[in-house]
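Take the given structure of chain A and dock chain B to it, following the hints.
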Amino acid sequence: MARRGSSERTKDRIAAAVIRCGGGLVVLLVAVMVLGITLSALPLFLRARLAPPSIAATGEATLAVGFPERSGRPWSLDARGVVREASGAILARLPEVAVPLRAAVHEPGGLQAALDASGLLTVGRVRAGRAADAPGWQPLTTPLALDPEVAWLGLAVAAGGDDDELAVLVWSAARTAAWSWREGAWSELALPPGGARAAALAEGLATAALVRPDGALELVRLPDGRPEELGLPPVDVALVCFLDGGRSLLAASDDGALALLQAQRRVEVRNGTSRSLRLRGVVVEPGARLVVPDDGVGRTLAHRDEVEIAPAASQWRVVRRPRALGARPIALAAADRSRGFAVAGADGSLAVYNATTGSRRVATMWPIAPLSALAMAPRGTAVAGLGPSGIAFAGLDDPHSEVSLRTLLLPRIYEGYARPRLVWQTSGGDDSFERKLSVTPLILGTLKATAYAMLVAVPLALLAAVYVSQLAPPRLQAVVKPAVELMAAVPSVVVGFLAALWLAPRLEAFLLPALMSLVALPAVVLLALLGWRVLPPAFRRRTSAGIELGLVAAAAAAVLAVVWWVAGPLERLLFGGDLTRWLFAEWGLRYDQRNALVVGVALGFAVIPVIFTVAEDACSSVPRSLTHAARALGATRWQAATRMVLPAASPGLFAAVFLGFGRAVGETMIVLMASGNTALTGLGPFDGMRTMAAAIAVEIPEAAIGTTHYRVLFVTGLLLFAFSFAITTAAGAVGRALRSRYARF
Amino acid sequence: MTQGDDPVLETRELSLHYGPVRALAEVDLRVPGRRITAVIGPSGCGKTTLLRCFNRMNDAYPKVRVSGRVFVEGVDVTTSEVDLESLRKRVGMVFQKSNPFPMSIRRNVTFGPRMSGVRDPARLAEIAEHSLRLADLWAEVSHRLDESALDLSGGQQQRLCIARALANEPDILLLDEPASSLDPISTAKIEDTLVRLKERYTIVIVTHNLQQAARVADFTAFLMAGRLVEFGATARMFTNPREKLSEDYITGRFG
Chain A
100 MARRGSSERT
110 KDRIAAAVIR
120 CGGGLVVLLV
130 AVMVLGITLS
140 ALPLFLRARL
150 APPSIAATGE
160 ATLAVGFPER
170 SGRPWSLDAR
180 GVVREASGAI
190 LARLPEVAVP
200 LRAAVHEPGG
210 LQAALDASGL
220 LTVGRVRAGR
230 AADAPGWQPL
240 TTPLALDPEV
250 AWLGLAVAAG
260 GDDDELAVLV
270 WSAARTAAWS
280 WREGAWSELA
290 LPPGGARAAA
300 LAEGLATAAL
310 VRPDGALELV
320 RLPDGRPEEL
330 GLPPVDVALV
340 CFLDGGRSLL
350 AASDDGALAL
360 LQAQRRVEVR
370 NGTSRSLRLR
380 GVVVEPGARL
390 VVPDDGVGRT
400 LAHRDEVEIA
410 PAASQWRVVR
420 RPRALGARPI
430 ALAAADRSRG
440 FAVAGADGSL
450 AVYNATTGSR
460 RVATMWPIAP
470 LSALAMAPRG
480 TAVAGLGPSG
490 IAFAGLDDPH
500 SEVSLRTLLL
510 PRIYEGYARP
520 RLVWQTSGGD
530 DSFERKLSVT
540 PLILGTLKAT
550 AYAMLVAVPL
560 ALLAAVYVSQ
570 LAPPRLQAVV
580 KPAVELMAAV
590 PSVVVGFLAA
600 LWLAPRLEAF
610 LLPALMSLVA
620 LPAVVLLALL
630 GWRVLPPAFR
640 RRTSAGIELG
650 LVAAAAAAVL
660 AVVWWVAGPL
670 ERLLFGGDLT
680 RWLFAEWGLR
690 YDQRNALVVG
700 VALGFAVIPV
710 IFTVAEDACS
720 SVPRSLTHAA
730 RALGATRWQA
740 ATRMVLPAAS
750 PGLFAAVFLG
760 FGRAVGETMI
770 VLMASGNTAL
780 TGLGPFDGMR
790 TMAAAIAVEI
800 PEAAIGTTHY
810 RVLFVTGLLL
820 FAFSFAITTA
830 AGAVGRALRS
840 RYARF
Chain B
3 MTQGDDPVLE
13 TRELSLHYGP
23 VRALAEVDLR
33 VPGRRITAVI
43 GPSGCGKTTL
53 LRCFNRMNDA
63 YPKVRVSGRV
73 FVEGVDVTTS
83 EVDLESLRKR
93 VGMVFQKSNP
103 FPMSIRRNVT
113 FGPRMSGVRD
123 PARLAEIAEH
133 SLRLADLWAE
143 VSHRLDESAL
153 DLSGGQQQRL
163 CIARALANEP
173 DILLLDEPAS
183 SLDPISTAKI
193 EDTLVRLKER
203 YTIVIVTHNL
213 QQAARVADFT
223 AFLMAGRLVE
233 FGATARMFTN
243 PREKLSEDYI
253 TGRFG
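Those sequence lines, one after another, are chains A and B.
If you're matching positions, the first sequence starts at 100 in the numbering used here and goes up one per residue.
If you're matching positions, the second sequence starts at 3 in the numbering used here and goes up one per residue.
Same shape as in the complex, but just chain A (with noise of 0.2 Å):
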């Protein structure tokens, strides 16, 4: 008996141990995936790190520096036409110059521009493999000579789209001018007249900007010299550059204060209708014309014949103020494709921005001063300044500079908005794009997914629970359970396929009829409760129960014939044959095929199952001595159903709604196939949307490993994450309230 005993006890402390490792177990594996998750997140929200710069002496007077297209070390060149690298090796000369040269410029995209002393210009790119066996000096143009007797200031080169489309700026304190280089000869472009400080050429070749001796900054249309317009333009500014492909324009006043500038695209629209049209919140009234942001409203307005519409001049104007220089601006620098610019001040500091955030990313003191030159690695992963001494250059470890907590999560004014938006947009079509990573579209594109879902599937599933419980004759009961059940069983995949390939171009067809069902349909069935209630007494008691089922059914069937037959004529009538573009011509509602509508109706149909099993059992977990009592104290089956069961069975109902909600929220497939995956923020029912799920499970392919796209999927998956956690969190908070007060039988 004792041995027994010792040897159930060895067992149970044996089973304990086992269940206790297999709880630790499961705990610890859920900590390191969320580790994981976090600590391939977390390098975003990391500082900027400066290396400490390296110092390399230049004999000559050197006049540019700048980056090659893949390496850290800079190169200069000098007075002499002597293109060297950073160690002092000769990477090639500047043919025919001659000596010494006036100026010389390193821009985005390795174009060189110098200016010799007898007053010619050469346009060329250096390209460094070439350097031991050939010239490395590749021109790119004619020479062309300038009025040697100006004292120009400085000169400008750009790329336009083309490459063989070139255009250089120069200018005194007296005159500017802009010539093209276009189809092997230079053609002058017209400016305005008058003098400049200091004056950038964008890439594209759209615009100049033109710092006059005064401090004022202008902006010129080219190729046609235009003036754009400029809202509340940045004072005595000192230096410009152009940023991103010449979409923004950075402008350093003396005072050491910062704008970034942003074009913003705009249309003169002339209302021919004689309604008043509605444009972002302005009236414009029959007859009048107005100058609108572009924005989309050109697009939206596109459809309408009466409506005249014309390109406008852009307008620039300031987008964000960086955190201001503590100097007199001296030298400024953009990185080609990170969106960083550099800035140096008179005192021999030096800043590092990042145009889509605003914020300065690293602030030091540069070991040679006064710099004459700025440069900046085309990916913004070193920088280097040209001193009178020589060149400092250091590497720069900052590869997430564009994201933060605040572009994450709110609205931010994107290159080419007119305002700030929510945008989330991770590639374009070329390198000096700038990514758009909000992740809120995402986020409000799950809620709303699955607020859709639930709004089909909550009281679906609760009423066919309560039914199926309470009310439903046994045979119906033993049918419909499994029916449900099996719902759960279909794939999300074949849900997803289907509600994308066959309900959505239904949907789309058939619109009106749907819509119009959408509201028949419930309220039908309120309708034959009321009859129900009117219906003589002695009639109702002789029905057997499910009877009622079977009339209702049948009145439903009969309305939606009668909405099927009323909508074509209806639609004819009203809405001049088609709804989709009725609404579209009439309220600029557009009509996605894939919309919230379709994932409502497929997640909710995934959703269903989940929450009516749950609900089920809920309602049928309360005794059956408690219904017997309601009915025994004169309560008719629905005030037993209703006002007994469902308060007693809440706390499981909650659960059900809770779990139904977290399935919903981490539904992958159904949203991905029927959602249209346009990561757009509005809310109605006929946009589509991307989910956070979608969006990792469609990106994360595409996003190499360690980029800021790949690190900004995890943040949303670690949301994702916390998503489900909060849910799981307040569904067990509910129902523990819920069932202190209720279920305890």
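There could be a bad hint or two in this list.
As the list claims (entries may be wrong) - Listed next, with one range per pair, are the computed distances between beta-carbon atoms:
(1) B:E128 <-> A:G380: 55 to 65 Å
(2) A:V665 <-> B:D153: 50 to 60 Å
(3) B:D185 <-> A:F824: 21 to 31 Å
(4) B:R146 <-> A:R838: 18 to 28 Å
(5) A:W631 <-> B:P22: 46 to 56 Å
Calculated from the structure, these hints are not laboratory results.
Just so it is clear, CB atoms sit at the ideal spot from N, CA and C, and this is done for glycine as well.
Showing chain B alone in chain A's frame:
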């Protein structure tokens, strides 16, 4: 019928089958008004089934077949024309196992009136107090009406169920072994309550406990294997039963 007036509850040739199993066989019973009638008999003899015929609670069970007639206050309640809800409001029932709803005491007591559409809080409060006083529970719970009914003791819960049935202002109260799971003190309280209530209500109590029947009942019906063996005044039944079976049961030879 010693009283000579019309019975409040009456069955005529009442038979009831659960599927193939016969639970009641041609029961003819006349229950007098404003008295306590006890139904006794061994387990499975059909006591509870008989009780449930008076408020048609047998309808809630599947495969029940009823033949014969049941009259409640002179009206046949076996027909399909009967309004079950109003019948059950007139014929209250207390179950063997106390079954308060998982709600507050107040909401438990007022459940019936609320189901009949009484909304006025003052009226509901009045009903609650009146019913709880009748069930001799008011003094114990008046200060905590909004606490959960499930926190009450077993005896209190059963009295709450009595109060809940009384709140419908029924004429008849059916009790199915109301004290079977209670301690002697709680049982005594419920018995006192019943004795007080018989001035206003016709009470039928199913009980296993012969002493209880002897203590509280004016009349006793003895049921065995679905048949009514004997019915009469309790005093006579317990002292001088007419049937041999009754005598054997009462004297404890079986059961």
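These are the hints, each one checked on the structure:
1. B:E128 <-> A:G380: 55 to 65 Å: holds, 59 Å
2. A:V665 <-> B:D153: 50 to 60 Å: Roughly 58 Å apart at Cβ, these two residues keep to the hinted range, so it holds.
3. B:D185 <-> A:F824: 21 to 31 Å: Because 48 Å falls outside the window, the suggested range is violated.
4. B:R146 <-> A:R838: 18 to 28 Å: Holds, since R146 of chain B and R838 of chain A (Cβ atoms, about 20 Å apart) stay within the stated range.
5. A:W631 <-> B:P22: 46 to 56 Å: violated, 35 Å
In this structure, the earlier hints numbered 3 and 5 are contradicted, and the remaining ones agree with it.
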